[in-house]
Amino acid sequence: MRVVAISISRETSTFVFRNFNRAECDKQCGYKLVRPEEEDDDPFVWQSARVTSAASLIFPPAYIRAVGTFQDGELRENNPAGIARQVSHQIWPTKKRPALVVSIGTGIKDDKTSDQEAPHFRNIFRNGFARRALDAWLYLLDGEVKWKKLLNLLNNDEKPDHIRYNVSLKDLAGKIDNVGDIDSYCNLVILNPGSAKMAAEVTTVLLISSFYFELAEVSKSEEGWFSCRGTIRC
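Numbering of the sequence shown is given in UniProt numbering, commencing with residue 1 and proceeding in unit increments.
Careful, some of the hints might be misleading.
[Claimed, not checked] BS3-like cross-link-like pairs, simulated, lysine-lysine; straight-line CA separation at most 27 Å:
no., residue 1, residue 2
1, K32, K149
2, K197, K109
3, K159, K197
4, K170, K220
5, K170, K148
6, K197, K148
7, K159, K220
8, K220, K197
9, K159, K175
10, K32, K148
11, K175, K95
12, K27, K175
13, K32, K95
14, K109, K32
15, K109, K27
16, K96, K146
17, K175, K109
18, K109, K220
19, K220, K148
No wet-lab data here; the hints were simulated from the structure. What you are looking at is a predicted structure, and each value in this text was computed from that prediction instead of being measured.
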């Protein structure tokens with residue numbers, strides 16, 4: 001079983017499409033788990049992905065049969081890794097942490113300013129309300145920010161199990177609806193240093209996490225050692 005957390009906003013609320021039966025969240029969790037009443041109405045993965053591409057003002061809202069109409073939740077949950085951890089805990093409450101969290105970005109620009117120092121004088125164009133409002137809006141859309149905040153809340157032994165994959169867009173950062181750049185974006189991912197190694201590592205960890213040990217019998221302790229018998233299942 002896998003947890004698929006998808007940030008979807010409708011009337012400024014966050015919804016998560018689920019493919020599991022167990023787990024309910026209380027009203028204070030900040031999101032709502034969504035699943036049709038009939039199993040035959042469960043949306044396909046591509047339909048859920050279509051919803052996350054329904055960016056406001058660019059693409060029309062996406063309709064999911066027997067559920068409703070949704071838009072991408074970029075303004076509220078641009079990086080749903082934190083929600084994935086919450087949902088994972090609801091499904092397996094006895095587990096202290098998830099085995100692996102993989103976050104996939106949509107690309108970053110190289111020309112981000114790294115100067116965080118306060119200016120010595122006020123520039124009406126660079127430091128005015130309109131500019132600060134725009135900067136704040138762009139900050140909310142940056143999935144890297146939420147990812148870094150999540151990592152800062154983790155213990156050092158948890159961080160290796162949280163992987164973020166993102167690539168530099170170099171000079172290709174353009175309009176989101178420009179389909180002519182799709183092949184170029186694909187090449188960026190393929191040619192990005194470390195892509196193949198990271199993909200292999202993630203695949204291996206995901207495969208390992210699919211197995212579990214089912215205990216059948218525990219023998220008595222012998223000089224401080226315990227022997228047990230069981231079955232490895234997938």
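Against the structure, the hints come out as follows:
Distance hint between K32 and K149 is fulfilled; the C-alpha atoms sit about 22 Å from each other, no more than 27 Å. Only pairs whose Cα atoms come within 27 Å are accepted, and K197 paired with K109 is accepted, the gap being roughly 22 Å. At most 27 Å may separate the alpha-carbon atoms for a hinted pair to count; K159 and K197 meet this at roughly 18 Å. About 62 Å separates the Cα atoms of K170 and K220, which puts this hinted pair outside 27 Å; it is violated.
About 21 Å separates the Cα atoms of K170 and K148, which keeps this hinted pair within 27 Å; it holds. Of the pairs offered as hints, the one joining K197 and K148 holds, with about 22 Å between alpha carbons and a cut-off of 27 Å not exceeded. Our distance criterion of 27 Å between C-alpha atoms is broken by K159 and K220, whose separation comes to about 37 Å. Of the pairs offered as hints, the one joining K220 and K197 is violated, with about 44 Å between alpha carbons and a cut-off of 27 Å exceeded.
Of the pairs offered as hints, the one joining K159 and K175 is violated, with about 33 Å between alpha carbons and a cut-off of 27 Å exceeded. Straight-line distance between C-alpha atoms of K32 and K148 comes to about 24 Å, which keeps the hinted pair within the 27 Å bound. For the hint linking K175 to K95, the alpha-carbon distance of about 42 Å lies beyond 27 Å, and the restraint is violated. As the CA atoms of K27 and K175 are separated by approximately 37 Å, the hinted pair breaks the 27 Å bound.
Distance hint between K32 and K95 is fulfilled; the C-alpha atoms sit about 22 Å from each other, no more than 27 Å. The hinted pair formed by K109 and K32 fails the criterion: a straight-line CA distance of about 32 Å is larger than 27 Å. Simply put, K109 and K27 have alpha-carbon atoms about 37 Å apart, too far for the 27 Å limit, and the pair is violated. Pair hint K96 plus K146 holds up; C-alpha atoms about 21 Å apart against a cutoff of 27 Å.
Distance hint between K175 and K109 is fulfilled; the C-alpha atoms sit about 13 Å from each other, no more than 27 Å. Distance restraint check for K109 and K220: the Cα-Cα separation of roughly 60 Å exceeds the 27 Å cut-off, and the hinted pair is therefore not satisfied. Distance hint between K220 and K148 is unfulfilled; the C-alpha atoms sit about 47 Å from each other, more than 27 Å.
Going down the numbered hints, you'll see the structure goes against 4, 7, 8, 9, 11, 12, 14, 15, 18, 19, while the others check out.
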